[in-house]
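As they're listed, the protein sequences go chains X and R. Mind the numbering: the first sequence is residues 1 to 134 in this note's numbering, read in order. Mind the numbering: the second sequence is residues 1 to 92 in this note's numbering, read in order.
These aren't lab readings, by the way, just hints derived from the structure by calculation. Using N, Cα and C, we set each Cβ at its ideal position, and we do this for glycine too. Take these hints with a grain of salt, some might be off.
[What the hints assert, rightly or not] Some, not all, of what chain R presents toward chain X, calculated at C-beta under 10 Å:
1) R10
2) D13
3) G16
4) E42
5) K45
6) H57
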Amino acid sequence: MIGITTDPIEIGPAIDAARTWNTGAIVSFVGTVREDDGVTEMEVEAYHDLAIPDLELIAADVSARYGLNYLHIVHRTGRLQVGETILLIVCSAAHRREAFVACEEILERIKERVPIWKRVFREGRGEWAPGHRE
Amino acid sequence: MQIKIRAFARFSDLFGTASIIEVPEGSTVISVLRTVAADDEEKMKAIFTEEGQVRQHIIIVVNRSRIEHDDLMVHILGQDDELALLPPVAGG
Numbered sequence: 001m002i003g004i005t006t007d008p009i010e011i012g013p014a015i016d017a018a019r020t021w022n023t024g025a026i027v028s029f030v031g032t033v034r035e036d037d038g039v040t041e042m043e044v045e046a047y048h049d050l051a052i053p054d055l056e057l058i059a060a061d062v063s064a065r066y067g068l069n070y071l072h073i074v075h076r077t078g079r080l081q082v083g084e085t086i087l088l089i090v091c092s093a094a095h096r097r098e099a100f101v102a103c104e105e106i107l108e109r110i111k112e113r114v115p116i117w118k119r120v121f122r123e124g125r126g127e128w129a130p131g132h133r134e
Numbered sequence: 001m002q003i004k005i006r007a008f009a010r011f012s013d014l015f016g017t018a019s020i021i022e023v024p025e026g027s028t029v030i031s032v033l034r035t036v037a038a039d040d041e042e043k044m045k046a047i048f049t050e051e052g053q054v055r056q057h058i059i060i061v062v063n064r065s066r067i068e069h070d071d072l073m074v075h076i077l078g079q080d081d082e083l084a085l086l087p088p089v090a091g092g
């Protein structure tokens with residue numbers, strides 16, 4: 001699955017789905033809300049009309065270049081508490097090198113390009129996180 | 001003609017999340033941006049530098065396609081086009 005959800009992200013089923021017969025390595029990235037200097041909550045917003053095509057393009061490109069067997073990218077939006085999962089990336093490939101490199105590239109490209117923003121809350125006050133290139 | 005303006009994250013705090021504005025036929029992206037910011041100094045400073053250039057970190061999207069800053073003066077908008085103002089992204 002490649003997409004955006006407001007529901008809590010389940011990690012186990014995505015990893016199970018990555019166990020294809022030709023897979024020797026499954027690599028995952030789980031981005032979570034960190035309690036940074038009193039952060040209690042995070043609000044995540046996306047421009048869905050652009051974010052989803054961007055994610056699909058990144059997925060198709062990276063899958064093709066690294067020969068991935070399986071790829072799952074889900075970004076959450078809405079209000080999240082400390083510890084909750086913001087982003088899940090699961091890559092599987094025949095060998096570990098491609099799985100590791102693909103996972104990292106996907107994460108960096110999401111951070112650089114995909115129209116998603118975070119607002120962190122401390123003591124009830126929200127502040128938009130600085131973006132890439134700021 | 002009518003253009004839909006959308007803004008996200010901190011820009012929505014300033015410009016609202018969505019609005020419809022009336023602009024002359026044949027308006028370019030930059031002329032619409034000037035119209036959007038015209039009534040408010042804070043809006044003007046958020047979009048434009050002192051030299052009148054659109055700030056480099058702002059992402060301009062028309063009908064879900066990103067527009068290069070070099071093209072803002074030549075890209076002409078049409079009836080019911082959607083112009084979105086995006087601050088630097090912060091996902092992941």
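Against the structure, the hints:
no. : hint : verdict
1   : R10  : 4 Å, holds
2   : D13  : 8 Å, holds
3   : G16  : 14 Å, violated
4   : E42  : 15 Å, violated
5   : K45  : 16 Å, violated
6   : H57  : 5 Å, holds
Figure legend: structure checked against the earlier numbered hints; hints not met, in rising order: 3, 4 and 5.
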